[in-house]
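Q: Chains as they are written, first to last, in numbering that gives the first Met the number 0: chain A, 0 to 342; chain B, 0 to 109.
The set of hints was computed from the structure by calculation and includes no laboratory data. Here the structure is a predicted model, which means the values were calculated and not measured. Quick reminder that beta carbons are idealized off the backbone N, C-alpha and C, glycines included. Do not rely on the hints blindly, as some may be mistaken.
DSBU-like cross-link-like pairs, simulated, lysine-lysine; straight-line CA separation at most 30 Å [claimed, not checked]:
no.	chain 1	residue 1	chain 2	residue 2
1	A	Lys32	A	Lys187
2	A	Lys66	A	Lys26
3	A	Lys251	B	Lys77
4	A	Lys32	A	Lys2
5	A	Lys254	B	Lys77
6	A	Lys251	B	Lys72
7	A	Lys165	B	Lys77
8	B	Lys83	A	Lys251
9	B	Lys9	A	Lys254
10	A	Lys254	A	Lys114
11	A	Lys148	A	Lys165
12	A	Lys254	B	Lys1
13	A	Lys187	A	Lys254
14	B	Lys24	A	Lys254
15	A	Lys251	B	Lys103
16	A	Lys187	B	Lys72
17	A	Lys173	B	Lys83
18	B	Lys9	A	Lys165
19	A	Lys114	B	Lys83
20	A	Lys165	B	Lys83
21	A	Lys251	B	Lys1
22	B	Lys24	A	Lys165
Examples of chain B residues lying across from chain A (beta carbon under 8 Å, computed) [unchecked claim]:
no.	residue
23	Cys36
24	Ser41
25	Ala48
26	Gly49
27	Asn55
28	Lys77
29	Phe80
30	Val87
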Amino acid sequence: MNKQVVVIGAGVAGLTVAGALAEQNIKVILIEKEAQTGGHVRNWDRLFPSRRHGSEVMDFLDSNLTKQVDIRRGVTVSSIVRTQNGFKVTLANDDEIDAACLILSTGFQLFNAAKKEEYGYGIYDNVITSAELESIFKSGKEIATKNGKNPERVAFIHCVGSRDEKVGNLYCSKVCCVTGVKQAIEIKEILPHCEVFSFYMDLRMYDRNFEELYYEAQQKWGVNFIRGRLSECAENPDHTLIIKTEDTLTGKPLKMTVDLVVLLVGFTPSAGTGEIVKMLGLKTGQDGFIASADEHFLDNNTDIPGVFVTGAVKGPACIVNTIADARATAQQAAKYLFTLKTG
Amino acid sequence: MKDFGYSVLKDETIDYDRQDMRIAKYVLLQEPSIQLCIGCGSCSGTCAAGHFTEFNIRRVHTLIRRGETRLLKKEIQKCMFCGKCQLVCPRGVNLRNLILSINKAIEQIG
């Protein structure tokens, strides 16, 4: 029997796992709903903490793909049925694929900032998300308010859609803290006279070289860090914004006029992940992301033999960790295929 | 005793071993959700009373939890009970019941 693997989702996780399996001469069919592979990283200009260009990572991931990887772009999965030999995957274009095992790498989507109505996203002109700022960086366009002037004061708002029971997300999205620090530095590089403020509750600089980036933001760029969660945002007639918070370290309410507010939006499970969960009857955690079989020992497995999970389908993850996780998944999937062959 | 012209200052540290925790215990029992507070200041940042007075519900709450209740009676009267604090709390703390409980605690314990 042909032991081919179906990988669903061709972002960082899917491309890595497909490449790693192809290296072992395993046939992979990689399914991507978008016309292009790469997932979110396609939209990121530079990556924390080294500030390497996102495109470099894209090139690296593509370079690992061989002819063993059959990429189907612009198509979704319409059904998955368990069969005697594995799974039958039917695509939206009616293609049917038999797979010995399935790898789910359907990732995440960004929190919809409009749900946090008091922050004014989608209501006020100059409230944008971190993803939108990143695409401005990537396009090389000028950093400007809707009136076309360079902002003199920018506020980064941490934890938007994360650690917030009002929007149903109790979890931390992990990467927004360092993204905010990176983007604050980038604003200062482009607009040295712009005052940059960061409104945070905790700065979770959990990984290697993150704390150093925070240090650089303070020491070299003079980014102002104010400990307080944004309570509300209002617009002035001239389309500048008034933000209100408590400066918890002085214990006083604080308000400030800024030209641009950047909301650091967190992770939510992608719509595609939700559909696959339903098709297969997979378990999810309280956070809505897929639960692996065991957080320590079987973190790439699910409760269904032959169904593997990798990357941000299991919750917020940075690119470095996603690549490592996807390589581990390839190893686990290859082991599973070998067991099938030898019985 | 000879007067050297010095006085001994009163210890202003929070001496957790000697604090009167009766109000803290009462309030925690009445509104256990206060244990979820992460001190983000959303409540005090949006507080209508806090914009015009020194009232700071985040600080008042933290002080109670540490047994610091000397100024509590005067402080808690500044709350206008509008409930905005509860609307913005990312941890779902029931702040209105917290205020009610504080008032009840003062009435019962003093």
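Q: Each of the hints needs a verdict: does it hold here or not?
A: Hint check:
1. A:Lys32 <-> A:Lys187: violated (37 Å)
2. A:Lys66 <-> A:Lys26: holds (9 Å)
3. A:Lys251 <-> B:Lys77: holds (15 Å)
4. A:Lys32 <-> A:Lys2: holds (23 Å)
5. A:Lys254 <-> B:Lys77: Holds, because 20 Å separates the two Cα atoms, which is no more than 30 Å.
6. A:Lys251 <-> B:Lys72: holds (20 Å)
7. A:Lys165 <-> B:Lys77: holds (26 Å)
8. B:Lys83 <-> A:Lys251: Given pair lysine 83 (chain B), lysine 251 (chain A) holds - Cα atoms ~17 Å apart, limit 30 Å.
9. B:Lys9 <-> A:Lys254: violated (36 Å)
10. A:Lys254 <-> A:Lys114: holds (22 Å)
11. A:Lys148 <-> A:Lys165: violated (34 Å)
12. A:Lys254 <-> B:Lys1: Violated - the C-alpha atoms of lysine 1 (chain B) and lysine 254 (chain A) are around 54 Å apart, more than 30 Å.
13. A:Lys187 <-> A:Lys254: holds (22 Å)
14. B:Lys24 <-> A:Lys254: Violated, at roughly 34 Å.
15. A:Lys251 <-> B:Lys103: holds (26 Å)
16. A:Lys187 <-> B:Lys72: violated (47 Å)
17. A:Lys173 <-> B:Lys83: holds (28 Å)
18. B:Lys9 <-> A:Lys165: violated (44 Å)
19. A:Lys114 <-> B:Lys83: holds (18 Å)
20. A:Lys165 <-> B:Lys83: holds (13 Å)
21. A:Lys251 <-> B:Lys1: Roughly 45 Å between the alpha carbons, so the hint for lysine 251 (chain A) and lysine 1 (chain B) is violated.
22. B:Lys24 <-> A:Lys165: holds (27 Å)
23. Cys36: Status violated, d = 11 Å.
24. Ser41: holds (5 Å)
25. Ala48: violated (10 Å)
26. Gly49: holds (5 Å)
27. Asn55: Asparagine 55 (chain B) check passes; min Cβ-Cβ to chain A is 5 Å, inside 8 Å.
28. Lys77: Not OK, violated: lysine 77 (chain B) not within 8 Å of chain A, min 13 Å.
29. Phe80: violated (18 Å)
30. Val87: With a minimum Cβ separation of about 5 Å from chain A (threshold 8 Å), the hint on valine 87 (chain B) holds.
Hint compliance for this structure: hints 1, 9, 11, 12, 14, 16, 18, 21, 23, 25, 28 and 29 are broken, all remaining hints hold.
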